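Enquirer: Residues per chain, in single letters:
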Amino acid sequence: MTPRARNPNHAIALAVALAAGAAFAGTFAFDPVPPGLPGLGAVEFPRLVCLVLIGLAALLALKQADPIGEEQAPRIERRAWAIFGLCALFLPAMALLGMLGAAAVFLVLAGRLWGEARWPPLLASAAGVTAALWLVFVQVFRLKLPMGLLGG
Amino acid sequence: MDAFLGGMAILVDPYVMLMVLLGTALGIFVGALPGISGSTTIALLLPMTLTMGPVPAICFLGAIYCAANFGGSITAILVNAPGDPSASATALEGYKMAERGEAGLALGMSAIASAIGGIVSVVVLIFAAPMLARAAYAFGPPEYFALAVFGLSMCAAVGGDSPVKNLIAAAFGVLLATVGMDLTTGVERFAFGIPELSDGIGFVPVLIGLFAVGELLDQATRRLEKPKIIAMDAARVPGLAEFRKCNRSIWIGSGIGTFIGALPALGATTAALIGYNETRRWSRHRHEFGHGSIEGVAGPEAANNAAVGGSMVPTLALGIPGSATTAIILAGLIVQGVRPGPHLFTEQPTLLYAVFASMLAANILYLVMGLSMARLFARISLIPPAFLWPAVFVLSVVGAYGPNQSMGDVLVMLAAGVVGLLFRRTGFSPAPLIMGLVLGGMLEETLKQSLIIFGDDLGALLGRPIAMGLLGVTALGLLWPVLARIIRLSGRSRGRPA
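In the order they appear, the protein sequences are chains C and W. All the letters of the first sequence, read from the start, carry residue numbers 1 to 152 under the working numbering. All the letters of the second sequence, read from the start, carry residue numbers 1 to 498 under the working numbering.
Derived by calculation from the structure, the hints in this document are not laboratory data. Note that the structure is predicted; figures quoted are calculated from it, not measured. By construction, the Cβ of each residue, glycine as well, lies at the ideal position given by its N, Cα and C atoms. Please note that a few of the clues may not be correct.
[Claimed, not checked] Facing chain C, a subset of chain W residues (Cβ under 7 Å, in silico):
{"hint": "1", "residue": "Met52"}
{"hint": "2", "residue": "Pro54"}
{"hint": "3", "residue": "Leu167"}
{"hint": "4", "residue": "Leu175"}
{"hint": "5", "residue": "Ile334"}
{"hint": "6", "residue": "Ala386"}
{"hint": "7", "residue": "Pro390"}
{"hint": "8", "residue": "Gly402"}
{"hint": "9", "residue": "Ser406"}
{"hint": "10", "residue": "Thr426"}
{"hint": "11", "residue": "Ser490"}
{"hint": "12", "residue": "Arg492"}
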């Protein structure tokens, strides 16, 4: 006898129900509504949505797994994790190098992780994209981008 | 008529025309990038519109929306990787034509059919949207509440294949819309003392995170999948014989696309697939389908572009998005201080007709660009992902930071990106979440107003026929799968011999 395949909907439904339950519990921390206001208060509507979410999660748990979805998603290999990490490091890099500096470094490193081995096109593309961002956002749209610690 | 002429006259303004031209070129350019859909394109470029006035911004977004659909067909035909999901039906026959050495003909027919479909639907939009808006004048808060419930229920059909997952995503969107200060009571909700959250979660960072960053993170896990690229061929104008052959397909596609686009939540992808099926059904050359039929390119292309104008009908007339992309455009309008709905037709008619005019202009412009520069646009599909996706991330960060110059918005965008990745890996679609986020505010506000009108007695809704009709249709739509199964089972048991 073959073992029954795990239904990924159960885990997803549990996560949805937990998130909705946490949000429902969070409504108890809201400040009280000033007395005398007519109609619905501040907590009823979010609570109603949370209950709907819990109901939908229960429905999902009862459903058979879809043929597509989690099974078809490719395994996240090491380089993909490294790209995620690089995205997360963008903010600290921005605090140090400024937005444009962090962008240039990110473009080179992420391109390399994505599989581009040649340095000259990586550097040229990083310089081109950074220059385009400066031109469009700083010069045309007059945005003030963060300069970072090194940029003063 | 004055408003119509005023709207058309806006196109004489060089700045507005430049925005339409830029929107069309950017729409084709980004639409042709495999993996970047029209909705991602608009989400990514939305921050650029914030420094423009409402008219050029809306013309810019409208032009991108029209052109991105056509751009998607370029890579569908040449690379067999639809730049936009709505071009997936085009890839079925277009790529076969390209393999046969007829890529130019397929691209040419795609441009012409797209433009005809797009123009037909904008003409329908010009007449249908004001009629719908006039009908909506009778609406009060209870009717709008019912309409928002109906719009949210239609989320079941948007994006992913699982209606339950789509509804969960939409409900999460509604919950996200409650973050920040409650305007009727002044109570802060889910803000956790973070000042950036007091004003609620911004549309722009969530849109960019869910669509652009989520897609980028997902693409990072698929780095090793490479599409097959075949020889390119410049577009050429189809001859009279080819045009005659496709005439019927183009009109079938245009009609189907406009109708399906106008139904809330059914967008260009559904229109293109139905357009393809109906084109095949009514074709005199059915045997050519599956082997590179030019009618199989014309029908779905006309349908998916006709859906653009169709989906703008409920978006502008009722404030209910007709598709995921129009949900983003709706967010863009709200950010610009424009609240779509029937009052827009009396308060800002010139703005509305400017949208119609810009969409007409965009359809003509991408026809010209598509025929003259298809080879150039096709080269876009050759940009290596190692350069493309890191640039998308950097543009996303700048786009999320730009509008409010807030690092909080960048953090929200990154969090939304992670949610977008989780959604994609677990079979959820981000589109219903956006619709929930856009409609959530309207849902709560109209519910509260209705309760005040009814003196806290929701039973009084029974006396509002339009609201009850909409809620009835909603209930029927949601329960239909269960009802259909019961009908099927009872039919089967009746047919069984005793």
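Enquirer: Can serine 406/W be said to touch chain C, with a Cβ gap under 7 Å?
Expert: violated (11 Å)
Enquirer: Does the interface hint hold: is proline 54/W within less than 7 Å of chain C, judged Cβ to Cβ?
Expert: violated (16 Å)
Enquirer: May I ask you to test the interface hint for serine 490/W with respect to chain C, counting a Cβ-Cβ separation under 7 Å as satisfied?
Expert: violated (22 Å)
Enquirer: Using 7 Å as the Cβ threshold, decide whether alanine 386/W counts as touching chain C.
Expert: With Cβ-Cβ at 4 Å, under 7 Å, it holds.
Enquirer: Have a go at the leucine 175/W hint: is there a Cβ in chain C nearer than 7 Å to its own Cβ?
Expert: holds (5 Å)
Enquirer: Interface hint check: leucine 167/W, Cβ to nearest Cβ on chain C, cutoff 7 Å. Holds or violated?
Expert: holds (6 Å)
Enquirer: So, as I understand it, the hint says glycine 402/W touches chain C; can you test that by seeing if any CB pair is closer than 7 Å?
Expert: holds (5 Å)
Enquirer: Under 7 Å is the threshold here; is the Cβ of threonine 426/W close enough to any Cβ of chain C for the hint to stand?
Expert: Result: holds, 5 Å to nearest chain C Cβ.
Enquirer: Would the stated hint for arginine 492/W survive a check requiring a Cβ distance to chain C of less than 7 Å?
Expert: violated (20 Å)
Enquirer: Minimum Cβ distance from isoleucine 334/W to chain C below 7 Å?
Expert: violated (19 Å)
Enquirer: Taking the least C-beta to C-beta distance, is proline 390/W closer than 7 Å to chain C?
Expert: Hint on proline 390/W: holds, closest Cβ of chain C at ~4 Å, below 7 Å.
Enquirer: Does methionine 52/W pass the interface check with chain C, least Cβ-Cβ distance below 7 Å?
Expert: Nearest chain C Cβ about 9 Å off; hint violated.
Consistency with the previously given hints fails for numbers 1, 2, 5, 9, 11 and 12, ordered from lowest to highest.
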